[in-house]
Amino acid sequence: MKNNENNHEIEKMLNQMPKIQDHQDEEELFKKVQQQLQRTQNKQRNRKVWTIPAMTTAAVMLIAVILISVITNQNPTADMAQDMENSSEESASSEDTGTPSHELKMMSPEENDASRDAESSPLPEMDKSAPRSISGLQIGMTYDEVIKEIGSPLEYEDTENQRSLKYSTEGYGIKLQFKKNSQTVNEFTFIPRYLQDTQQKLTIHPLFLRQKIEGIRTMLGGPMNEESVSCFENTTCEEYTYKLNSKDRIVVRTSWNKEDIEFIKLLRQEHQ
Amino acid sequence: MKEVFQDLYHKYHQDVFQFLFYMVKDRSLAEDLVQEVYVKVLKSYHNFKGESSEKTWLISIARHIAIDYFRKQKRKQKRIIGSFTVDEKSDWLEDTGKIPEEIAMENEDIRHMYQCLKRCNIDQQTVIILRYIQALSIKETAEVLNWSESKVKTTQHRAIKRLRMQMSKEEEGKKYEE
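Just so you know, the protein sequences line up as chains A and B, in that order.
Sequential numbering of the first sequence, starting at 1, is according to UniProt numbering.
Sequential numbering of the second sequence, starting at 1, is according to UniProt numbering.
Among the clues, some could well be false.
As the list claims (entries may be wrong) - Below, computed lysine to aspartate or glutamate pairings styled on DMTMM-like, alpha-carbon distance capped at 20 Å:
| # | chain 1 | residue 1 | chain 2 | residue 2 |
| --- | --- | --- | --- | --- |
| 1 | B | Lys161 | A | Glu9 |
| 2 | A | Lys175 | A | Glu157 |
| 3 | B | Lys43 | A | Glu28 |
| 4 | A | Lys19 | B | Glu3 |
| 5 | A | Lys31 | B | Asp123 |
| 6 | A | Lys32 | B | Glu3 |
| 7 | B | Lys139 | B | Asp123 |
| 8 | B | Lys55 | A | Glu26 |
| 9 | A | Lys258 | A | Glu214 |
| 10 | B | Lys55 | B | Asp7 |
| 11 | A | Lys32 | B | Glu36 |
| 12 | A | Lys19 | B | Asp109 |
| 13 | B | Lys139 | A | Glu11 |
| 14 | B | Lys153 | A | Glu157 |
| 15 | A | Lys180 | A | Glu227 |
Stated by the list, open to error - Just a few of them, taken from the derived set where beta-carbon distance is under 10 Å, the chain B residues facing chain A:
| # | residue |
| --- | --- |
| 16 | Leu42 |
| 17 | Lys43 |
| 18 | Asp109 |
| 19 | Leu117 |
| 20 | Arg119 |
Claimed, not checked - Counterexamples of contact, computed for chain B against chain A with all Cβ distances above 12 Å:
| # | residue |
| --- | --- |
| 21 | Phe48 |
| 22 | Lys49 |
| 23 | Lys55 |
| 24 | Asp68 |
| 25 | Phe70 |
| 26 | Arg71 |
| 27 | Lys74 |
| 28 | Arg75 |
| 29 | Gln77 |
| 30 | Arg131 |
| 31 | Glu140 |
| 32 | Leu145 |
| 33 | Asn146 |
| 34 | Ser150 |
| 35 | Ser168 |
Keep in mind that the hints were calculated from the coordinates and are not lab data.
Note that CB positions come from ideal geometry on N, CA and C, so glycine has one too.
The following block holds chain A by itself, in its conformation from the complex (with noise of 0.2 Å):
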């Protein structure tokens, strides 16, 4: 009962409150009014002003990356013809174990299509630090003369198919893996961290020294089509693949983290 007397009166006492009274003058203020809607109108002028160049600018980019496309995509087909007699293994299957692979450098990423891939791939113009065999390394070697090539390991040791070569006392760095039934090496496998401090002569392209995702993107360039694989314990690793050339395929794995460099390997995109 009390509280609400008490409001009462705080309610009297609220219509009190002095009224106030604007003293401007109204002429004034209109001025002042349109003068403020004036500039808000001409800041969105401005604005419209703007949209044009820049999306000119826009268009012309474009059309600057359609012609750019184009240009680069003639090659292939000048060369599908060459490259369709150099590689008599190349079937014309259609289906491939088909990692979505990347073109070293400038090349478009390349569809899925790998029968399309093999043939119309152009034969790259490898960039500098990246020759077409790196470092005389070819797939289709045979161990000896892989051996002559990088220099013979501290140890190494067999397993099926495959022969891990021991050149830092830190771990195997490189692996190699046998054709079935031949002698000949169909992939090798790079792991940089095993291959730092070489107490014996080693010589590989530095691509492969590489620890960090940034040295192969500045090695090798930009954008890269990067797949997210499984890796232990129920992490991803992101997967890059590059094109060496028409057949070969640089992969490289990274680990958990997405920069440190699991391995590298060389291979050869067979078709099945």
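On the provided structure of chain A, position chain B as indicated by the hints.
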């Protein structure tokens, strides 16, 4: 455009100005903000659908402008204070401490009430201003705030309660001082 301005000015100018004055508690600031109200109103007058009365529409715009101003102030304050923690949720505004001339001329009870009003949060203050100083109905207040009428009622109730508490608290404080 000028006709629209004149029409609105004659009908509602003093209402809008008084509302802004009590919201921001400063005459010259209210003068600036009332300008902004007209700018906004004239820009969007063609959007006015007549769903609410012109008066509540105008005051709701004024309220938004005042709240925008408070936000800007708070940001500035934060930038100045920097590493000190400013309670983001706090509805309290810095108290300039100045009492506007118009209030200073009033009797002690009114001055006291004016000071205690500042201790209410913004929503509570707004409802008190709209209901008692602007003398809007519950329905009109609900329109201005875009609230339900029951929310207006409860907020009003709490605001009065809080105001009463603040006033008695300070009164007691004064007694002790004496």
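Do the hints match the structure? See the list:
Of the pairs offered as hints, the one joining Lys161(B) and Glu9(A) holds, with about 12 Å between alpha carbons and a cut-off of 20 Å not exceeded. For the suggested pair Lys175(A) and Glu157(A), the alpha carbons sit about 9 Å apart, so the restraint of at most 20 Å is met. For the given pair, Lys43(B) sits about 19 Å from Glu28(A) by alpha-carbon distance, which is consistent with the 20 Å threshold. Of the supplied pair hints, the one linking Lys19(A) and Glu3(B) is violated, its CA atoms being roughly 27 Å apart against a limit of 20 Å.
Taking the CA atoms of Lys31(A) and Asp123(B), the gap is near 33 Å; set against the 20 Å cutoff, the hint is violated. With a C-alpha separation of about 16 Å, the suggested pair Lys32(A) and Glu3(B) falls inside the 20 Å cut-off, and the hint holds. For the hint linking Lys139(B) to Asp123(B), the alpha-carbon distance of about 16 Å falls within 20 Å, and the restraint holds. With a C-alpha separation of about 18 Å, the suggested pairing of Lys55(B) with Glu26(A) holds against the 20 Å cut-off.
Restraint check for Lys258(A) and Glu214(A): the C-alpha separation of about 10 Å stays at or below 20 Å, so the hint holds. Straight-line distance between C-alpha atoms of Lys55(B) and Asp7(B) comes to about 12 Å, which keeps the hinted pair within the 20 Å bound. Proposed proximity of Lys32(A) and Glu36(B) is supported: the alpha carbons are some 10 Å apart, at most 20 Å. Taken as a hint, the Lys19(A) and Asp109(B) pair is honoured in the structure, with Cα atoms around 16 Å apart against an allowance of 20 Å.
As the CA atoms of Lys139(B) and Glu11(A) are separated by approximately 18 Å, the hinted pair is consistent with the 20 Å bound. Straight-line distance between C-alpha atoms of Lys153(B) and Glu157(A) comes to about 85 Å, which puts the hinted pair past the 20 Å bound. A C-alpha spacing of about 28 Å is found between Lys180(A) and Glu227(A), which places the hinted pair above 20 Å, so the restraint is violated. Below 10 Å, beta-carbon pairs count as interface contacts, and Leu42(B) has one with chain A at about 6 Å; its hint therefore holds.
A cut of 10 Å between beta carbons decides the hint on Lys43(B): the least distance to chain A is about 7 Å, and the hint holds. Below 10 Å, beta-carbon pairs count as interface contacts, and Asp109(B) has one with chain A at about 6 Å; its hint therefore holds. Interface restraint check: Leu117(B) against chain A, minimum CB-CB distance 9 Å, threshold 10 Å, status holds. Taking 10 Å as the C-beta cut-off, the interface hint given for Arg119(B) is violated, the closest approach to chain A being about 13 Å.
Every CB of chain A is more than 12 Å from the CB of Phe48(B) (nearest about 16 Å), matching its label as outside the interface. Consistency note on Lys49(B): stated as away from chain A, and its beta-carbon is indeed over 12 Å from all of that chain's, at 21 Å minimum. Distance to chain A confirms Lys55(B) as a non-interface residue, since its nearest Cβ pair spans about 16 Å, more than 12 Å. Once the 12 Å rule is applied to beta carbons, Asp68(B) is consistent with being away from chain A; the minimum gap is 15 Å.
Under the 12 Å C-beta cut-off, the non-interface status given to Phe70(B) relative to chain A holds; the minimum distance is some 19 Å. The Cβ of Arg71(B) lies farther than 12 Å from every Cβ of chain A, with a closest approach of about 19 Å, so its non-interface assignment holds. No beta-carbon of chain A is positioned within 12 Å of the beta-carbon of Lys74(B); the least distance is around 24 Å. A cut-off of 12 Å between C-beta atoms confirms that Arg75(B) is not in contact with chain A; the least separation is 21 Å.
The beta carbon of Gln77(B) sits about 25 Å from the closest Cβ of chain A, which is more than 12 Å, so the claim that it is off the interface holds. Remark: the non-interface label on Arg131(B) conflicts with the geometry, its nearest Cβ contact in chain A lying 8 Å away (cut-off 12 Å). Every beta carbon of chain A lies more than 12 Å from that of Glu140(B), the smallest distance being close to 16 Å; the non-interface claim holds. For Leu145(B), the condition that its CB be more than 12 Å from all CB atoms of chain A holds, with the nearest at approximately 18 Å.
Consistency note on Asn146(B): stated as away from chain A, and its beta-carbon is indeed over 12 Å from all of that chain's, at 23 Å minimum. The beta carbon of Ser150(B) sits about 18 Å from the closest Cβ of chain A, which is more than 12 Å, so the claim that it is off the interface holds. Remark: the non-interface label on Ser168(B) conflicts with the geometry, its nearest Cβ contact in chain A lying 8 Å away (cut-off 12 Å).
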